[in-house]
Amino acid sequence: MTEFHCIKLSRKNDVSVVRLIDDRVMDSERIAVMGKELMSLTESENGHRVLLNLGNVRFLSSAAINKLIVLEKRLGAAGGYLKLSNLSPEVEEVFNITQLDSVFDICDDEDQAIAAFG
Amino acid sequence: MTEFHCIKLSRKNDVSVVRLIDDRVMDSERIAVMGKELMSLTESENGHRVLLNLGNVRFLSSAAINKLIVLEKRLGAAGGYLKLSNLSPEVEEVFNITQLDSVFDICDDEDQAIAAFG
Amino acid sequence: MGSETWGLDQYIASDMRVGNAMVMQIVENLQRIGWGESELFGVHMALEEAIINAIKHGNKESANKEVHVCVEASLHSFFLRVTDQGDGFDPSAVPDCTLDENLELGSGRGLMLMNHYMDMVQYNEQGNSLEIRKSR
Amino acid sequence: MGSETWGLDQYIASDMRVGNAMVMQIVENLQRIGWGESELFGVHMALEEAIINAIKHGNKESANKEVHVCVEASLHSFFLRVTDQGDGFDPSAVPDCTLDENLELGSGRGLMLMNHYMDMVQYNEQGNSLEIRKSR
Ligand SMILES: Nc1ncnc2c1ncn2[C@@H]1O[C@H](COP(=O)(O)OP(=O)(O)O)[C@@H](O)[C@H]1O
Ligand SMILES: Nc1ncnc2c1ncn2[C@@H]1O[C@H](COP(=O)(O)OP(=O)(O)O)[C@@H](O)[C@H]1O
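From first to last, the protein sequence lines are chains A, B, C and D.
Counting in the working numbering, the first sequence runs from 7 upward without gaps.
Counting in the working numbering, the second sequence runs from 7 upward without gaps.
Counting in the working numbering, the third sequence runs from 21 upward without gaps.
Counting in the working numbering, the fourth sequence runs from 21 upward without gaps.
There may be inaccurate statements among the hints.
[As the list claims (entries may be wrong)] Have a look at the derived ranges for each label pair, beta carbon to beta carbon:
(1) D:GLU121 <-> B:ARG80: 18 to 28 angstroms
(2) D:HIS88 <-> C:GLU145: 40 to 50 angstroms
(3) D:ASN84 <-> C:GLU48: 32 to 42 angstroms
(4) D:GLY54 <-> C:GLU81: 27 to 37 angstroms
(5) D:GLN51 <-> C:SER23: 19 to 29 angstroms
(6) A:GLY61 <-> D:GLN51: 30 to 40 angstroms
(7) D:ARG52 <-> A:GLN118: 41 to 51 angstroms
(8) A:ASP115 <-> C:GLU59: 18 to 28 angstroms
(9) B:ARG80 <-> D:MET44: 38 to 48 angstroms
[Unchecked claim] In the BS3-like style, the derived pairs of lysine-lysine whose C-alpha atoms are separated by at most 27 angstroms in a straight line are:
(10) A:LYS79 <-> A:LYS18
(11) D:LYS80 <-> B:LYS42
(12) B:LYS18 <-> B:LYS79
(13) A:LYS14 <-> A:LYS79
(14) D:LYS154 <-> D:LYS76
(15) C:LYS76 <-> A:LYS79
(16) B:LYS14 <-> B:LYS79
(17) B:LYS42 <-> D:LYS76
(18) B:LYS42 <-> B:LYS14
(19) A:LYS42 <-> A:LYS18
(20) C:LYS154 <-> C:LYS76
(21) A:LYS42 <-> A:LYS14
(22) B:LYS18 <-> B:LYS42
(23) C:LYS76 <-> A:LYS42
(24) B:LYS79 <-> B:LYS42
(25) A:LYS79 <-> A:LYS42
(26) D:LYS154 <-> B:LYS79
(27) C:LYS80 <-> A:LYS42
If you're looking for bench data, these hints aren't it; they were derived computationally from the structure.
These numbers were taken from a predicted model, which means no experiment stands behind them.
Just so it is clear, CB atoms sit at the ideal spot from N, CA and C, and this is done for glycine as well.
Turn these sequences into a full structure, and let the hints guide you.
Laid out in structure tokens, this is it:
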């Protein structure tokens with residue numbers, strides 16, 4: 007198993023559930039590492055389902071959001087799917103303001119997301 | 007033996023050596039207690055020699071200095087003697103500015119003070 | 021009832037790590053003088069964008085250039101001025117990041133977030149100095 | 021090189037313990053923004069006298085009266101305004117505490133210490149509001 011420094015990975019059914027370790031995702035070096043670790047998830051099997059649970063995230067910078075966008079694109083290109091869940095009201099607002107809520111599939115919690123993967 | 011809360015008492019030859027516990031002598035309640043404890047020293051034998059070592063005192067308010075003046079007066083009235091020692095440069099400056107260096111007998115350190123008691 | 025103020029006037033190296041640390045120092049001091057977590061969010065967002073843009077786009081992380089950061093803050097207001105030594109830019113020429121074709125581009129999102137969270141966002145004419153302000 | 025500023029605008033109860041805590045809060049914040057131990061000494065002395073006088077002589081520790089404390093501080097300067105709700109007094113009428121007959125009196129020592137350690141000590145006409153200032 008790969009060692010991750012910025013993400014925590016678990017499985018639920020056939021979904022890779024990812025949590026971010028930092029509650030303030032803002033340090034440029036940590037964001038670079040997080041980006042690499044998220045990208046490594048796209049090298050998985052076809053149709054790979056990834057759920058990013060942002061439950062413990064109190065802050066994320068737009069540089070961090072950019073990594074999520076790249077993840078979304080790469081995963082889509084590789085025939086996979088990304089959902090986000092457990093956004094704090096503040097984090098959700100960022101996705102609304104920037105209209106990224108039309109790019110990401112945002113679910114209330116893990117159960118709802120897993121059910122939505124179908 | 008009496009329990010003290012704001013001063014520490016020891017003997018060196020026939021001199022009562024007193025240290026203050028607080029490094030910043032400024033809290034009004036602590037100063038009141040310190041005042042009472044210092045006054046209790048004046049109820050001792052005639053000719054009582056007291057050395058107040060201010061070595062650990064980084065700050066003392068003028069309310070605290072007032073207590074030292076009362077101690078000096080009471081002790082003198084009871085036939086005793088008070089010396090101060092180990093003043094930091096800042097504390098010594100306060101005694102100079104206020105010309106209290108003419109009221110108190112100020113020594114460099116304990117040995118000098120004990121020798122000066124004769 | 022009373023209130024503390026806090027301020028800062030500092031030149032920092034054009035280094036992302038230094039910028040991150042500056043952002044955290046400001047956030048921690050706002051917390052200390054009484055800003056709550058959720059009110060702090062938008063200020064954090066805006067000041068992060070302002071400082072990181074100055075380091076990245078303005079000074080291009082050059083070791084010879086510094087970013088000048090000024091903060092004046094109380095429980096009731098936040099003010100930040102960030103000045104870099106770059107050539108500046110024309111903020112009105114930055115494409116709208118919410119247009120479909122730009123959505124995934126990233127660029128422009130920082131300016132949009134600052135405008136959303138702050139009461140005032142103002143660049144100087146050259147575009148190398150930015151003032152943002154927020155009242156509570 | 022940079023510098024932080026810190027300020028405060030607060031009404032406090034006319035209670036010695038509250039006054040002591042206020043003094044410590046100010047001293048700790050001056051330390052935090054970079055004042056060293058020995059430079060702090062005189063400021064500590066002066067602000068202690070100013071605040072305690074307002075509580076004790078000005079408001080006479082009355083539960084119905086408050087003391088208004090304003091501070092503006094940086095690494096380079098310290099400013100304090102203390103206003104009480106008392107009748108005020110005439111500072112020029114306070115006897116010189118260094119005269120032999122007053123030496124052990126205590127009274128007047130606070131004013132003298134403030135004058136020594138501060139660059140400016142100014143009462144309003146009524147004598148219930150005091151401003152002190154020190155540059156470094
Ligand atoms: N201080 C600056 N100096 C020069 N150009 C800047 C500065 N700040 C922002 N810009 C320009 O504005 C664009 C939009 O910035 P922003 O909305 O923060 O998005 P991003 O930083 O992700 O590109 C940047 O790509 C850059 O070209
Ligand atoms: N805020 C005040 N309101 C009224 N009287 C004051 C005030 N501050 C000082 N005074 C008067 O000035 C005198 C001298 O004050 P000070 O030098 O601090 O010595 P002390 O507090 O030991 O008496 C006080 O005894 C008091 O009569």
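Here's how the hints hold up against the structure:
Checked against the given bound of 18 to 28 angstroms, the beta carbons of GLU121 of chain D and ARG80 of chain B, roughly 19 angstroms apart, stay inside it. Taken as a hint, the range 40 to 50 angstroms holds for the pair HIS88 of chain D and GLU145 of chain C, whose Cβ atoms sit roughly 42 angstroms apart. Between ASN84 of chain D and GLU48 of chain C the Cβ separation comes to about 38 angstroms, which falls inside the hinted range of 32 to 42 angstroms. At about 28 angstroms, the CB distance of GLY54 of chain D to GLU81 of chain C agrees with the hint of 27 to 37 angstroms.
Separated by about 20 angstroms at the C-beta atoms, GLN51 of chain D and SER23 of chain C satisfy the suggested range of 19 to 29 angstroms. About 39 angstroms separates the C-beta atoms of GLY61 of chain A and GLN51 of chain D, a value consistent with the hinted range of 30 to 40 angstroms. In this structure the supplied range 41 to 51 angstroms holds for ARG52 of chain D paired with GLN118 of chain A, their Cβ-Cβ distance being about 46 angstroms. Taking the beta carbon of each, ASP115 of chain A and GLU59 of chain C are about 25 angstroms apart, inside 18 to 28 angstroms as hinted.
Distance hint check for ARG80 of chain B and MET44 of chain D: the Cβ-Cβ separation is about 30 angstroms, which falls outside the suggested range of 38 to 48 angstroms. A threshold of 27 angstroms between alpha carbons decides the hint, and for LYS79 of chain A with LYS18 of chain A the separation of about 23 angstroms falls inside it, so the pair holds. For a cut-off of 27 angstroms, the pair hint linking LYS80 of chain D to LYS42 of chain B stands: about 23 angstroms separates their Cα positions. For the suggested pair LYS18 of chain B and LYS79 of chain B, the alpha carbons sit about 23 angstroms apart, so the restraint of at most 27 angstroms is met.
Simply put, LYS14 of chain A and LYS79 of chain A have alpha-carbon atoms about 21 angstroms apart, close enough for the 27 angstroms limit, and the pair holds. Annotation: proposed proximity of LYS154 of chain D to LYS76 of chain D holds, straight-line Cα distance about 24 angstroms (limit 27 angstroms). Pair hint LYS76 of chain C plus LYS79 of chain A holds up; C-alpha atoms about 24 angstroms apart against a cutoff of 27 angstroms. Under the criterion of a C-alpha separation no larger than 27 angstroms, the hint pairing LYS14 of chain B with LYS79 of chain B is consistent with the structure, at around 21 angstroms.
Under the criterion of a C-alpha separation no larger than 27 angstroms, the hint pairing LYS42 of chain B with LYS76 of chain D is consistent with the structure, at around 20 angstroms. For a cut-off of 27 angstroms, the pair hint linking LYS42 of chain B to LYS14 of chain B stands: about 13 angstroms separates their Cα positions. With a C-alpha separation of about 22 angstroms, the suggested pairing of LYS42 of chain A with LYS18 of chain A holds against the 27 angstroms cut-off. For the proposed pair LYS154 of chain C and LYS76 of chain C, the alpha carbon gap of about 24 angstroms is at most 27 angstroms, so the pair holds.
For the given pair, LYS42 of chain A sits about 13 angstroms from LYS14 of chain A by alpha-carbon distance, which is consistent with the 27 angstroms threshold. With a C-alpha separation of about 22 angstroms, the suggested pair LYS18 of chain B and LYS42 of chain B falls inside the 27 angstroms cut-off, and the hint holds. The hinted pair formed by LYS76 of chain C and LYS42 of chain A meets the criterion: a straight-line CA distance of about 20 angstroms does not exceed 27 angstroms. Taken as a hint, the LYS79 of chain B and LYS42 of chain B pair is honoured in the structure, with Cα atoms around 14 angstroms apart against an allowance of 27 angstroms.
Using a Cα cut-off of 27 angstroms, the hinted pair LYS79 of chain A and LYS42 of chain A holds, with the two alpha carbons roughly 14 angstroms apart. A hinted pair counts as satisfied when its Cα atoms are at most 27 angstroms apart, and LYS154 of chain D with LYS79 of chain B does not qualify at roughly 35 angstroms. Distance check on the hinted pair: LYS80 of chain C and LYS42 of chain A sit about 23 angstroms apart at the alpha-carbon level, within 27 angstroms; holds.
When held up to the earlier numbered hints, the structure conflicts with 9, 26 and fits the remainder.
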